[in-house]
Amino acid sequence: MQRITIDPVSRIEGHAKITIHLDDSGHVAGTEFHVTQVRGFEKFTEGRPFYEMPGITSRICGICPISHLLASAKACDAIMAVRIPPAAARLRELAHCAQMVQSHALSFFYLSSTDLLLGMDSDPATRNVLGVIAAHPEMARDGIELRKFGLQIIENLAQERVHPSWIVPGGVATALSTAVRDKILTDLPNAKAIADRTIRFFKKAIAGYKEEIEFFGSAPSLYAGLVDRKGNLQFYDGGLRFRSAAGEIVEDQIPADEYANWIGEASLRDSYLKAPYFKTVGFPTGVYRVGPLARINTANQCGTPNADAEFKEFHERFGAPAHSSFLYHYARLVEIIHALEKIESLLSDPHILEKHVRATAGVNSLEGIGMIEAPRGTLIHHYKVNEDGGITWANLIVATGHNNLAMGRSIQQVSEHFIDGTNLKEGMLNRVSAVVRAYDPCLSCSTHALGEIALHVQLLSSNGEVLDEILHPETS
Amino acid sequence: MAHVVIVGCGNPFCSDDAVGIRAAQQLLETPLPPGTEVFCRHQLTPDLADAIQNAEVVVFVDAARGGTPGEVRCAPVHSTKLAAPFTHELTPASLMSLVAALDGISPPAFEVSLSGECFRLGDELSTVVAQALPSLIELVVSILDEPFTLDTVRSHS
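As they're listed, the protein sequences go chains V and S. Residue 407 in the numbering used here is what sits at position 425 of the first sequence, and the numbering runs on without skipping anything. If you want the numbering used here, it's the 1-based position in the second sequence plus 877.
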C-alpha cells in the first residue's frame, strides 16, 4: 500500500494535511483530512470577565474577526439580558455585511481564482496571484478593489480593520457619522459593478468545469443556515434551519439557546478539528454543510432584488438544493451581491444614524449564546459565567467545524475520481486541495479542545507496516 | 506637491516589532506636507497596491531584525521577480512587484527601519528602541521635506 501526503494544503486559511492511501493497484483506498493546529480558546478563556470575550475571541482570526466579535457580543448581550439599541443592531449588521464582502472576495479572488482562471492543471510555478495578475489583470484589480471596499467600511466604522474593539457587549462603541455613511454610498456603485461582472464571468467559466461540478463533494447532505421568519437569508440574526438533501425543511427557526438539542460534537483521532453532526441522525452519518452553498440551499430567497435574481438562476441551473461543493464559489458571489444590497438598504435607514448605540447592564443570566452566519457558515459562541461574570465554561462551534465531516467526504470523492496512483500528476493533487478550498475553511478559527483530545499514534516501518499503535481514549 | 505614501507595519504585541506602527501612529498626529498619506498596518496586504500605484514615492517603516539595536537605516526597495508570493508574507519588495505587475511600473520606494532588540510577546518597546523612535520619525519627516528625486533616495541609503 502506498501513501500520498499533501502537506500543507495550499491557499487556505490555517494548516491542514491530507493523507491518501492507495491500494496495490494504485486506486484510492482511503483518505484522511488532518487539521494540524489546536488553538484552545475554550480553555484559556476560563476565568476571564465575560465582557473581555469579544476582544479575546476576535484574535482567533485575522480574516473574520468581525464574526467572532458579533457572536461573542451576542452571547454577552444574553448574559446581560439586554436588547441592544436599533442603531447598534443596524451598525453591527453593516459591519457584518462589509466583512462578508471582503472575506468572500479574499476567498474567490486571492485563494481560488488561480485555479478557476489559470486551470487546475496549470504550472504550479505560476498558479498564484502574480500569475492571475499577468493573465487577467482586470480581474486581479477587481479583487483588490472589492476587498478594499469591505475593509474600508470596517475601518471607517471601527477605526481598525483587523481585531477592532468597536463591537462590544450591549451594542457598539461609537455611532455612525453622515460623512462616513456618504463615503460608503459613494464607493458602493463601483463595488456592485465589480460583483456583477465577476458573477457574469463565473457563470460563463463554469461551463468548463463540468467534471469538477459532478465530482467535487457532490454527495447529498443536510444543509443548515440562519433564516428570518419569512425564510429569507440572514447573516446576523434569525433562527437556524436544517433542510434535507431532498429539499424538505427538517427543523426550522431553532433559537440560539436550543442549538445543543440538534447539534452534537465528536472528536476525531486524526485531526484537531471537532466534527459536529445532526443529532437526530447521529454520528457519523448526520453530515450537514454550512456556508454560502448551504445558505443558498436553506433559504427561500435572499431578500434583495439582484441577489434574488441570481438565487433563482442558480437553482434553475443546478437544482434545489444544489449539492456540488464546487458551487460554493458561485454561492459566494451571490452572497457578495446580497451583502452589497444590504449595505445600501441599511445606510438608507434613518435609524442607523441615531446616537444611542449601547445598552449597559451587569450579569443577569449565568449563560449566554450568540449565533450568527460567519462568511464560512454558522458560528456559535456559548458561555457560562459565575455571578461575578467570570467565564466558567465556553464552547465555540465554528463554521468550518460544521463542515468537517463533509470536507472529509469530499476529499474521498475527489481522490477516488481524479487520482490515478499508477500515473500520478500534480493537477490530480491540486484538485484534492481545491475541493477543500471550495469550502473556504478557516482552520485557525475552528480548532478548540473538547475535553480530552482524541489521539491515535502509529509507528510505521519504512514500507508502511504498522509496528505499534496507541489509541487514546481506548474506546471511541 | 508630492504624493507620498507612508506605510508603517508591525505586530503591536511583539515588543519592538511594533515600532513601524508606533511611528506611523505618531506621524498621523504630526503636521505633514499636503499629499502625504499614512497607513498603519499589522502586515503588508495586496489592497495597499491601490494606494501605492498613485504615489510618487513610497516609504515603508518597520522594525529590522539584526544590526545594532536602535540603529536607524534607510534603503531603497527594489521590486523583484517572485516565484511564488504568499499573500500572508508580503514584503515591501513583493508588494512593489505586485504594483509593477498591475500597472507596468511602480513608484520609487524605500524602507526606513529601526533595528529591534526584543521581539518576544509584549506590548512595550525596549528601552533602546523607544529612545531611537524619535530619530526614526525625524528621518521620515526629513525625507518628506526634501524635493523628492531618486537622488534623494540614494542620499539616504
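Everything labelled a hint here was simulated from the structure, so no lab data went into it. All C-beta atoms in this analysis are idealised placements derived from N, C-alpha and C, irrespective of residue type, glycine included. Where hints are given, some of them may not hold.
Sample of chain S residues at the chain V side, in silico, Cβ under 7 Å [claimed, not checked]: (1) D924; (2) A926; (3) A977; (4) A978; (5) L979.
Distance condition first, Cα-Cα at most 20 Å in a straight line; then the derived DMTMM-like pairs of lysine to aspartate or glutamate [stated by the list, open to error]: (6) V:K165 to S:E1015; (7) V:K192 to V:D103; (8) V:K261 to V:E230; (9) V:K185 to V:D105; (10) V:K174 to S:E914; (11) V:K294 to V:D178; (12) V:K407 to V:E120; (13) V:K165 to S:E914; (14) V:K212 to V:E120.
Exercise. Quick check: which numbered hints come out false for this structure?
Worked result: Per hint list: 3, 6, 9, 10, 12, 14 violated.
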